[in-house]
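Going line by line, the protein sequences match chains A and B.
Residue numbering for the first sequence follows numbering that gives the first Met the number 0, beginning at 0 and increasing consecutively.
Residue numbering for the second sequence follows numbering that gives the first Met the number 0, beginning at 0 and increasing consecutively.
Treat the hints as calculated values from the structure; they're not laboratory data.
Among the hints, a few may not be true.
[Stated by the list, open to error] Just some of the chain B residues that point at chain A, by a computed CB distance under 8 angstroms: (1) Leu11; (2) Leu14; (3) Arg16; (4) Ile17; (5) Asp18; (6) Thr25; (7) Ala29; (8) Ser42; (9) Ile49; (10) Ser53; (11) Thr59; (12) Val66; (13) Val67; (14) Val73; (15) Pro81; (16) Gly85.
[Claimed, not checked] Calculated pairs, BS3-like style, for lysine-lysine (alpha carbon to alpha carbon, straight line, at most 30 angstroms): (17) B:Lys87 to A:Lys270; (18) B:Lys87 to A:Lys94; (19) A:Lys94 to A:Lys344; (20) B:Lys40 to A:Lys344.
Every residue gets a Cβ at the ideal spot worked out from N, C-alpha and C, and that includes glycine.
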Amino acid sequence: MTDLTRLTAAELAAALADGSVSSVDATRAHLDQIDAVDGDLHAFLHVAHDAALAAAARVDARRAAGEALGPLAGVPIAIKDVLTTLDMPTTAGSKILEGWVPPYDATVVARLRAADLVLLGKTNMDEFAMGSSTEHSAYGITRNPWDRDRIPGGSGGGSAAAVASFQAPLALGSDTGGSIRQPAAVTGSVGVKPTYGGVSRYGAIALASSLDQVGPVSRTVLDAAMLHDVIGGHDPLDSTSLTDAWPSMTGAALAGLADGALTGVRVGVIKELAGPGFQAGVTARFTETLALLTAAGAEITEVSAPNFEYAVAAYYLILPAEASSNLARFDSVRFGIRVDPDGGKMTSEHVMAATREAGFGPEVKRRIILGTYALSTGYYDAYYGSAQKVRTLIQRDFDAAFAQVDVLVSPTAPTTAFTFGDKLDDPMAMYLGDVTTIPANLAGIPGMSIPIGLAPEDGLPVGLQIMAPAHQDARLYTVGAAIEKLLEAGWGHSMLDQAPALARAPRTATTVQGAR
Amino acid sequence: MSEITAEQVAHLAHLARIDLSPEEITNLAADLGQIVESVAKVSQVATADIPATSHPMPLTNVFRDDVVVPSLTVEQALSGAPARAGDKFRVPAILDEE
Chain A
0 MTDLTRLTAA ELAAALADGS VSSVDATRAH LDQIDAVDGD LHAFLHVAHD AALAAAARVD
60 ARRAAGEALG PLAGVPIAIK DVLTTLDMPT TAGSKILEGW VPPYDATVVA RLRAADLVLL
120 GKTNMDEFAM GSSTEHSAYG ITRNPWDRDR IPGGSGGGSA AAVASFQAPL ALGSDTGGSI
180 RQPAAVTGSV GVKPTYGGVS RYGAIALASS LDQVGPVSRT VLDAAMLHDV IGGHDPLDST
240 SLTDAWPSMT GAALAGLADG ALTGVRVGVI KELAGPGFQA GVTARFTETL ALLTAAGAEI
300 TEVSAPNFEY AVAAYYLILP AEASSNLARF DSVRFGIRVD PDGGKMTSEH VMAATREAGF
360 GPEVKRRIIL GTYALSTGYY DAYYGSAQKV RTLIQRDFDA AFAQVDVLVS PTAPTTAFTF
420 GDKLDDPMAM YLGDVTTIPA NLAGIPGMSI PIGLAPEDGL PVGLQIMAPA HQDARLYTVG
480 AAIEKLLEAG WGHSMLDQAP ALARAPRTAT TVQGAR
Chain B
0 MSEITAEQVA HLAHLARIDL SPEEITNLAA DLGQIVESVA KVSQVATADI PATSHPMPLT
60 NVFRDDVVVP SLTVEQALSG APARAGDKFR VPAILDEE
């Protein structure tokens with residue numbers, strides 16, 4: 000019998016639609032895989048065994064009754080713990096929200112339910128999505144399925160590890176400075192940050208509101224597109240939601256799988272996102288991919304984005320400034336834990352300060368204090384004000400580049416997955432790793448990461464980042480699917496087919512809440 | 000040079016309502032000094048003639064129709080509260096009587 004966890008979401012959806020596989024069997028296969036490997040990997044913070052099987056049974060019954068269901072009905076999915084869920088705890092990886100069960104679903108979660116996907120559980124992440132390694136989760140690390148001593152990327156390391164280890168065919172992520180794309184790159188999976196406003200942020204616990212965007216995590220470009228079609232589109236509950244009439248992303252991905260999809264496509268290589276600081280094996284695979292694109296009829300041009308040099312600096316002013324404001328809501332009154340101070344006056348102010356001291360981890364405190372500094376009188380113009388001007392310059396760089404080319408490409412991350420602890424004591428080193436992904440968030444444009452091979456020096460996955468102008472998400476799916484098809488034709492298999500066998504480590508109750 | 004002192008961090012922590020330990024204050028002062036020195040480079044290119052961008056996809060006047068829609072019940076709204084009194088959030092004293 001076929002191992003149902005090895006199917007892509009599209010394949011599984013087809014098998015469910017023609018009745019050869021039931022959603023209960025597919026869901027049970029993924030829950031079994033979670034039980035078998037997640038004791039070691041720890042991609043999940045919460046697994047909804049019973050609710051998932053019950054939801055799957057309902058889908059099967061409705062299908063048996065002849066009801067017309069959506070394309071992904073009955074397909075299991077994992078949810079990043081930054082998204083609110085009515086029937087599952089939502090912590091955003093933070094102690095301050097331990098045990099919180101929200102009274103509402105995020106719009107994207109409600110759309111998954113309406114499309115009859117089966118929610119498997121909630122995935123681990125850096126606390127409030129602050130980090131690039133998932134080491135900043137209050138509930139313990141997530142391991143990279145390719146090498147258990149290395150990070151799965153961050154902040155969405157749990158979602159990426161879940162799909163890369165066949166615990167789920169699909170997952171949701173959120174991307175503020177690369178938190179979908181960088182984990183995809185270091186785990187050999189696919190991740191997409193849509194155009195800002197393309198997917199609702201309602202119910203996504205806010206990190207930096209002008210940068211955050213929810214998006215799909217998967218193993219293939221087509222699967223990401225199918226998920227994008229479910230979650231995307233206007234939401235009146237998010238006042239930054241765009242009212243575009245979006246084309247079918249599934250259709251766009253299928254167009255990319257047709258012959259000749261890359262002929263005449265103008266591809267820009269960003270000069271500033273290459274060279275020193277990029278691992279040799281990353282550069283080697285990137286260069287090979289460019290050659291492949293040329294051979295397939297694409298026109299490669301080098302473009303310059305001179306202000307990208309200032310992107311990381313601008314981002315680490317804008318993000319902490321917005322985060323310090325957003326996280327003011329954790330005030331020990333409406334949700335989350337409350338901690339009384341040791342002695343002193345029991346006033347709201349003191350209780351709030353004691354709660355936030357106990358509930359926030361070190362990176363969250365660092366960014367709140369940094370943001371408070373950047374916004375304070377006397378520093379505002381020099382730091383926050385200047386960072387907003389850099390944002391304009393970066394948008395202009397993108398505008399100039401997209402006047403010459405259809406898509407831009409770069410390595411998704413400067414290196415492959417690093418080992419645990421490597422950058423934990425050096426925040427600036429951690430931040431600089433986001434150099435490739437941050438510009439898209441600052442400009443609001445869509446970006447995708449797809450796997451392009453293994454770095455020869457360490458045998459770990461390398462990602463290609465593809466970026467398109469705002470509103471042109473469909474272009475990413477066409478170009479991404481075309482490149483994925485070319486690469487797989489050369490390899491003779493998919494990227495994750497060559498991932499090492501996983502340690503069998505049963506998931507038990509005690510591994511669920513392994514505190515840091 | 001962006002020297003950040005322990006006193007500054009303690010003040011910022013007060014503004015941000017986080018009780019930091021003396022050790023956290025010392026560590027944060029060092030971290031923040033290094034980070035601020037790195038990010039200060041934004042001022043090199045942020046000249047007076049460049050407009051600021053606060054939002055990547057500017058939208059103006061986003062309104063919904065003025066229609067009553069279902070909202071959270073009192074029980075739902077209070078479901079995550081650390082303390083409640085009847086149908087209200089229970090909070091510690093607001094004013095410090097000093």
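Hint-by-hint comparison with the structure:
1. Satisfaction of the interface hint for B:Leu11 is found here, the shortest Cβ-Cβ separation to chain A being roughly 5 angstroms, below the 8 angstroms cut-off.
2. Evaluation of the B:Leu14 hint against chain A yields a held restraint, the C-beta minimum of about 5 angstroms falling below 8 angstroms.
3. A distance limit of 8 angstroms between C-beta atoms decides the matter here; for B:Arg16 the minimum to chain A is near 5 angstroms, and the interface restraint holds.
4. Of the supplied interface hints, the one on B:Ile17 holds, with its beta-carbon coming within about 4 angstroms of a beta-carbon of chain A, less than 8 angstroms.
5. Residue-level restraint check for B:Asp18 holds (minimum Cβ-Cβ distance to chain A is 4 angstroms; threshold 8 angstroms).
6. A hinted interface residue such as B:Thr25 counts as satisfied when its beta carbon comes closer than 8 angstroms to some beta carbon of chain A; here the least separation is about 13 angstroms, so the hint is violated.
7. Checking B:Ala29 against chain A: minimum C-beta separation of about 10 angstroms lies over 8 angstroms; hint violated.
8. A least Cβ separation of about 5 angstroms between B:Ser42 and chain A falls short of the 8 angstroms threshold, and the interface hint therefore holds.
9. With a least beta-carbon distance of about 4 angstroms to chain A, the hint placing B:Ile49 at the interface is held under the 8 angstroms criterion.
10. Annotation: B:Ser53 was flagged as interfacial toward chain A, and the flag holds, the nearest CB pair being 6 angstroms apart, inside 8 angstroms.
11. Because the closest C-beta pair between B:Thr59 and chain A is about 11 angstroms apart, greater than 8 angstroms, the hint is violated.
12. Restraint check, B:Val66 versus chain A: the minimum CB separation of about 10 angstroms is more than 8 angstroms; hint violated.
13. For B:Val67, the shortest C-beta to C-beta distance to chain A is roughly 14 angstroms, which exceeds 8 angstroms, and the interface hint is violated.
14. Interface hint at B:Val73: violated, since its Cβ lies 11 angstroms from the closest Cβ of chain A, which is beyond the 8 angstroms cut-off.
15. Evaluation of the B:Pro81 hint against chain A yields a held restraint, the C-beta minimum of about 4 angstroms falling below 8 angstroms.
16. For B:Gly85, the suggested interface contact is broken, since its CB lies about 15 angstroms from the closest CB of chain A, more than 8 angstroms.
17. Using a Cα cut-off of 30 angstroms, the hinted pair B:Lys87 and A:Lys270 is violated, with the two alpha carbons roughly 58 angstroms apart.
18. Between the alpha carbons of B:Lys87 and A:Lys94 the distance comes to roughly 24 angstroms, so the proposed pair stays at or under 30 angstroms and holds.
19. For the proposed pair A:Lys94 and A:Lys344, the alpha carbon gap of about 24 angstroms is at most 30 angstroms, so the pair holds.
20. At most 30 angstroms may separate the alpha-carbon atoms for a hinted pair to count; B:Lys40 and A:Lys344 exceed this at roughly 42 angstroms.
Hints 6, 7, 11, 12, 13, 14, 16, 17, 20 from the list above are not met by this structure, while the remaining hints are.
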